[in-house]
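Protein chains in written order, with the numbering used here: chain A, 20 to 283; chain B, 7 to 259; chain C, 180 to 448; chain D, 180 to 448; chain E, 1002 to 1286.
Note that these hints are calculated values from the structure, not bench results.
Do not rely on the hints blindly, as some may be mistaken.
What the hints assert, rightly or not - In silico DSS-like links for lysine-lysine, alpha-carbon gap of 27 Å or less: (1) D:Lys199 to D:Lys381; (2) C:Lys446 to D:Lys199; (3) D:Lys199 to C:Lys326; (4) B:Lys252 to C:Lys199; (5) C:Lys322 to D:Lys446; (6) C:Lys326 to C:Lys199; (7) C:Lys381 to B:Lys252; (8) C:Lys446 to D:Lys281; (9) B:Lys252 to D:Lys253; (10) D:Lys446 to C:Lys281; (11) C:Lys322 to D:Lys253; (12) C:Lys281 to B:Lys252; (13) E:Lys1100 to E:Lys1023; (14) E:Lys1270 to E:Lys1023; (15) E:Lys1108 to E:Lys1270; (16) E:Lys1108 to E:Lys1269; (17) D:Lys326 to C:Lys326; (18) D:Lys305 to C:Lys326; (19) C:Lys322 to D:Lys199; (20) D:Lys281 to B:Lys252; (21) D:Lys446 to C:Lys421; (22) C:Lys446 to D:Lys253.
Claimed, not checked - According to the in silico footprint, chain C covers these stretches of chain B (three or more CB under 8 Å from chain C): (23) 148-159; (24) 173-182.
As the list claims (entries may be wrong) - Simulated restraints on C-beta separations: (25) C:Lys322 to B:Ala11: 42 to 50 Å; (26) B:Leu246 to A:Leu87: 52 to 60 Å; (27) B:Asp62 to E:Gly1131: 20 to 28 Å; (28) D:Pro422 to C:Ser368: 17 to 25 Å; (29) D:Pro422 to B:Lys252: 51 to 59 Å; (30) B:Ser95 to D:Lys305: 45 to 53 Å; (31) C:Ala406 to D:Asp309: 21 to 29 Å.
Note that the Cβ used here is the ideal one computed from N, Cα and C, for glycine as well.
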Amino acid sequence: MRANQPVIAPSRMSQGFDPRNLVLPVVVFAIAEVLALAYVPADSFSLAAPHDVAVELVRHLADGTLMLATAQTLGAALSGLGLGGGLGLVFGVVLGLSPAADRLMSVTVETLRPIPPAALIPLSLLVYGFGLRMELAIIAFTTMWPVLVLTRAAIRETEPGLIEVARVLRLSAWRTATRIVLPGAVPRIFVAFRLAAAISLVVAVTVEVVANPRGLGYGMMLAAQSLHPAISFAFLVWIAIVGWCFNWSLVWLERQFFARRGAE
Amino acid sequence: MNAVARSLWLAGSLGVAAGFVAVWHAVSAAGLVSPVFLPPPAAVGRALVNGFTNGDMLANLAATVARVFGGWLLASLLGIVLGVIIGISSRARIYVAPSLEAIRPLPVSALVPIFIGLLGFTEQMVLAVIAFGALWPTLLSTVHGFGAVEPRLYEVCRSLRLGRWEVIRKIALPSAMPDILAGMRVGLTVSLILVVVAEILGSREGVGYSILLAQRSYQAADIFAGIFLLGCVGYASAGLINIAEKRLIYWRR
Amino acid sequence: MQALPPAVTFPAAAPAAAGKPVIRFIEVGLSYGQRRILEGIDLDIWRGEFVSIVGPSGCGKTTLLRLIAGLARKDEGQVFYNGADVREPSPDVAVVFQDYSKALLPWRTASGNVALALEAMNVPRKEWADRIGSLLDLMGLFKDRDKLPGQMSGGMQQRLQIARCLAQEPKVLLMDEPFGALDAITRQSLQDEVLRIVAERKVTAFFVTHDLEEAIYLGDRVVGMAANPGRIAKSFVVDLPKPRDQLTTREHPRFLAMRHDLFSFIKHG
Amino acid sequence: MQALPPAVTFPAAAPAAAGKPVIRFIEVGLSYGQRRILEGIDLDIWRGEFVSIVGPSGCGKTTLLRLIAGLARKDEGQVFYNGADVREPSPDVAVVFQDYSKALLPWRTASGNVALALEAMNVPRKEWADRIGSLLDLMGLFKDRDKLPGQMSGGMQQRLQIARCLAQEPKVLLMDEPFGALDAITRQSLQDEVLRIVAERKVTAFFVTHDLEEAIYLGDRVVGMAANPGRIAKSFVVDLPKPRDQLTTREHPRFLAMRHDLFSFIKHG
Amino acid sequence: QQLTLGTTANPAPAAIFLADQKGLFKKHGVDLTVQLVTGDPTIPAALISDSIQIASVTPTTFLNAVANGIDLVAFSGTTITTHGSKDIAIVAGKDSGIKTPADFAGKTLGVAGIGAVLDVMLKNWLDQNGVDVSTAKFIEMTLPSMADQLKAGRVDALITVDQFAQRMISEGFGILIANPLAEIPEGQSAQEIVATRAWADANPETIAKVRAAIKEAEGIAKADPEAIRAALGNAMNLPPPVTARIALPVVDTSLSVAQLDWWLAIMKKHGLVKGDVNTASLVLP
Ligand SMILES: Nc1ncnc2c1ncn2[C@@H]1O[C@H](COP(=O)(O)OP(=O)(O)OP(=O)(O)O)[C@@H](O)[C@H]1O
Ligand SMILES: Nc1ncnc2c1ncn2[C@@H]1O[C@H](COP(=O)(O)OP(=O)(O)OP(=O)(O)O)[C@@H](O)[C@H]1O
Ligand SMILES: [Mg+2]
Ligand SMILES: [Mg+2]
């Protein structure tokens, strides 16, 4: 009897690894390969067959170039996510807990939020120059908002009964936040961070493509400019793999967290 | 909250924003950052006025707003539908979700060539790019919202033997609505960001394209004018979502 | 309270009706982790029978009810409904949950919550207004029909849940302390309503309660559970005349004797 | 049940102690939208007094309690605590909520939920284990101390909430049907525990219940509310001797007389 | 002092690549690294932030930056245009119906960057051939993707560089319409080597050393044009077949105000630069 299993299920999109996860990608690659064999000339400047991409992927993995670029991109994405996500979390909690602060900040927050990261590149480049810091600043700015918005919403979802408990216990604002509101909001905050993680990677790569001469985006762009589409696609596929692993490790962390909390 | 209180709060909020603008003015007046990259607020104001009176800023704005909302609605719809499917079907979770997780972190700018390949330099391409990028917040929130429904309510459904579709429509969606709206809120921001990318890469006239042209010719005031317009669109749309929230999750307050 | 009559014995098992039992537990056991929650549960419930369950807090009454409803898994033994293994909830069975505030849709009004059951049964929409109206009226909620659960008192929410279950027109009614949040008068009148409906529609009822008098007043049979692990420790037929009546039944000497007996069972296990 | 004694009258108001009342309602009124919920509430509660509140479902008992707790807003009149206007919850006051399943932190174990109150009071961490242990023991939850609320039965959750409130060592204890989900025996033993603690620590208690016997057994005074709009319709002093005792008190003729009186009040308003 | 020189991956700064690969910078006493960047427009900000000290930029970027108040100066040229060069080509799609310049009116045209060198070249060519530029629609696309876009009919014609043009024409979906370099005066500067004025003022000796190194590279290139081919293939990491076919630029590192004026005039004519530029002060003696 599987009576205790919920009808509709868990809050995560994917569980652990399952070989069946690979069915769809394999099918897509097979189709792409057939199409490429039929239509893409071997020395195309802009397209490449999947098997060439695979060969380049392995080659660049083996010679370490991909690893260095990954370290740079991931380093920027992680630290940017840490900074931006941290700030977003703090502001989200403050705005979620204090309707007054939320109303006062609404114009500022809502007009700053849609600033495209691409528009910030020259400014950030000017202030920080090439390197980690300019990328980090843009990633932090961009990831801050989704975390802020989703954290604020998560906090408003707190069971009103529990807020009343906090009030009659006269918990300080800090304790209300850390003992009642945040633990209840944690599952949603994890969602926010998983979203922001993907955004951080997207922005890191974009900044590298446009301006910053380091990391995976730069490698991908340079390969495209020097007419190596297979390498360029190899970078793209690798970015997907890195992103998947990034997300997977957040899911893993989340599970560790809840396992511990359950046992506590 | 009555109208007077509301407008007082709005005034306060505008006051805070004005404070930030004042800081910005002070920074550029003190020459801390080159005006080529951070123009003073007044110059941005002039650029805006000039854009509306002499340029085609209004037409650009209209085109961009239409794209943002079109793409965002498409993204939200897709996000909810996919989220529902993944929320209820273990098969979708096994076969589809991991692949989605893998394409989720792909930089949209790198994928645009593929979209252009499929759809050309068309309006549909711009919508598809926005929809692709803005889909994820709503998708993730929907999946989460479905997982966070009070288990007792699912038991009620089971003992009432409600069909799957009914459970989705009557229990899971309303219960997940706060999450979905929060996701859509973020999705809207992403749409605003992506409209710029899509207009640039798709050579479609609009606010984003004008930002690109301004950037190419180092017209910082025009860049910031464009950003400011996007900000206004962002603010207005946040207001719309607030209204939707009030109507759709009336039972929360 | 008057001096108690000497302890009497009551018939222990009650194959009151002929034929097969509607609900049948055979040697059912259940654990959560290391903790044994239910052990060796053997119980037959006959069509139209009203079985009251009493027992100390945490002994497993709710769990037992969830097994019948098909909402919990068992580790050993078998649970049958109408001769078939219970795998999932049956459409004939309605469940009144103990935590009423979690079992209502917070975004639907009182009427809307009752309507849910009608939707589930595909009742034509034109019949809704009448049926909802009369059920809410029965539960004393008619004038609150447009309130959301969050705007209702605890007792009102509890009554609303009962209304929804009755709207299902179930053959089996599982109730988990359905009157726990009701005042004495409302409670008594609802007790009588339930008795009437059950008798009229020949509903089989499984009724978990803490109120011993209520258990006897309503029940054709009272089953007493003991804890650690949860098991059936007592079971007797309530041979009080029917229809029952709040005044005369509760003053009936056999009622008082049973009450005393049950009280000392609960007290001493 | 024996034949009832002729109706007696009881003293209506009870300035039992000298000095000022701890809690004072002056002409309090409250509406939700068009609906009048409370009207003209005048009530004084004295230090150390135990006031039981009874009344039909939905009459406004919970609302009244929330006013004292500082959790609801009033539209008219005044509510004082220790002579000061109640604006927000006071640290001296503990509240046992009716909706126990929503008042516990689902991610904390039983111990953790009690610990919340100790954290709120900045009790040194080394004292926690002892205090949590003895409170859970008192509530019969010691062996369940590592369970999460979701793994506990309704009655267990209710007892856990009481444990948390007692951990606050309040001067005023507001209880909203705290024993609603408990079986008769556990209920009686907890009634006695509450009486003992209240007497020992000179706690003022405001106790909402549906059980008329419980209201009398525990109360120094019983206040009866009527509905539509919620108002105080009856109030009498319970002049039964103390300490009380489950057997003798409940058989005391005055107890039975009061019970009868209260029952007919609830019945006929 | 450690220097970084920024440039995009293209054939114009051939002398720099050559000097770098032959160790000429070191020989002249400068410790210089060449950093490939992905986009020309970010170079001015990178110069100001001191991430790079020297850069090879296109005249359009240079003039636009200066026009908007970024104080850059050029101290060397890189390569120049000649009528014989086939480096740049205007290609039309086979089915676009474009045969003569007049057919361009109202068409959709692909360029690598609005306002960038190729865009200016195309507009100038259209203008010289009597086409009203404002009737055409210009679309941005990356150079490597141009062949696919033209083949799919997403643009009617485009301006591109030699190796891509060859592919389009040899595969039959593109028709060569013009070679715009043949229609402008010879000797226009393709890119300039620039620095911020502040840095240039503070480091005259370093500039002299860099110039010397590049001059020496120019000498090598003039003597042996094939040396450029290898240097370009290396620096840009091109596939060998592409390297083998690449159209070699003409290295000439002299730079005059007149060369800048020529660009400025066209840019102004097409509204691609705003503000005033005093070209006379832009070239270091
Ligand atoms: N998910 C679970 N995990 C672990 N233990 C559980 C779980 N659910 C229930 N239990 C345990 O099972 C036992 C029986 O619970 P149940 O809810 O059936 O009791 P009950 O008889 O209904 O009590 P009450 O009268 O207080 O509602 C309790 O000891 C409880 O702690
Ligand atoms: N937020 C609200 N909006 C509208 N009406 C409300 C709201 N909260 C409570 N009420 C109404 O106030 C009245 C009193 O509610 P209250 O919870 O105080 O009753 P109660 O006496 O505690 O009842 P019970 O014994 O059933 O718990 C009810 O009629 C209820 O519908
Ligand atoms: Mg139970
Ligand atoms: Mg109440």
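Results of checking the hints against the structure:
1. D:Lys199 to D:Lys381: holds (16 Å)
2. C:Lys446 to D:Lys199: Violated, at roughly 43 Å.
3. D:Lys199 to C:Lys326: Distance of about 40 Å is beyond 27 Å: violated.
4. B:Lys252 to C:Lys199: At roughly 54 Å apart (the allowed maximum being 27 Å), C:Lys199 and B:Lys252 break the hint.
5. C:Lys322 to D:Lys446: Given that 27 Å is the threshold and the Cα spacing comes to 20 Å, the pair holds.
6. C:Lys326 to C:Lys199: violated (44 Å)
7. C:Lys381 to B:Lys252: Violated, at roughly 46 Å.
8. C:Lys446 to D:Lys281: violated (30 Å)
9. B:Lys252 to D:Lys253: Holds, at about 25 Å.
10. D:Lys446 to C:Lys281: violated (30 Å)
11. C:Lys322 to D:Lys253: Roughly 23 Å between the alpha carbons, so the hint for C:Lys322 and D:Lys253 holds.
12. C:Lys281 to B:Lys252: This hinted pair holds, its Cα atoms lying about 23 Å apart.
13. E:Lys1100 to E:Lys1023: Violated, at roughly 46 Å.
14. E:Lys1270 to E:Lys1023: violated (41 Å)
15. E:Lys1108 to E:Lys1270: holds (21 Å)
16. E:Lys1108 to E:Lys1269: Distance ~23 Å between E:Lys1108 and E:Lys1269 Cα, so the pair holds.
17. D:Lys326 to C:Lys326: With a Cα-Cα distance of about 35 Å, the restraint between D:Lys326 and C:Lys326 is violated, given a limit of 27 Å.
18. D:Lys305 to C:Lys326: violated (48 Å)
19. C:Lys322 to D:Lys199: Violated. C:Lys322 to D:Lys199 sits at ~41 Å, over the 27 Å cutoff.
20. D:Lys281 to B:Lys252: holds (24 Å)
21. D:Lys446 to C:Lys421: holds (24 Å)
22. C:Lys446 to D:Lys253: violated (44 Å)
23. 148-159: Holds, because 3 residues of the stretch 148-159 of chain B bring their Cβ atoms closer than 8 Å to Cβ atoms of chain C.
24. 173-182: holds (count 4)
25. C:Lys322 to B:Ala11: 42 to 50 Å: violated (32 Å)
26. B:Leu246 to A:Leu87: 52 to 60 Å: At roughly 46 Å between Cβ atoms, A:Leu87 and B:Leu246 fall outside 52 to 60 Å, so the hint is violated.
27. B:Asp62 to E:Gly1131: 20 to 28 Å: The hinted range 20 to 28 Å holds for B:Asp62 and E:Gly1131, with Cβ atoms some 27 Å apart.
28. D:Pro422 to C:Ser368: 17 to 25 Å: Roughly 36 Å apart at Cβ, these two residues miss the hinted range, so it is violated.
29. D:Pro422 to B:Lys252: 51 to 59 Å: holds (55 Å)
30. B:Ser95 to D:Lys305: 45 to 53 Å: Since the Cβ atoms of B:Ser95 and D:Lys305 sit about 52 Å apart, the hinted range of 45 to 53 Å holds.
31. C:Ala406 to D:Asp309: 21 to 29 Å: holds (27 Å)
When each numbered hint is compared with the structure, violations occur for hints 2, 3, 4, 6, 7, 8, 10, 13, 14, 17, 18, 19, 22, 25, 26, 28.
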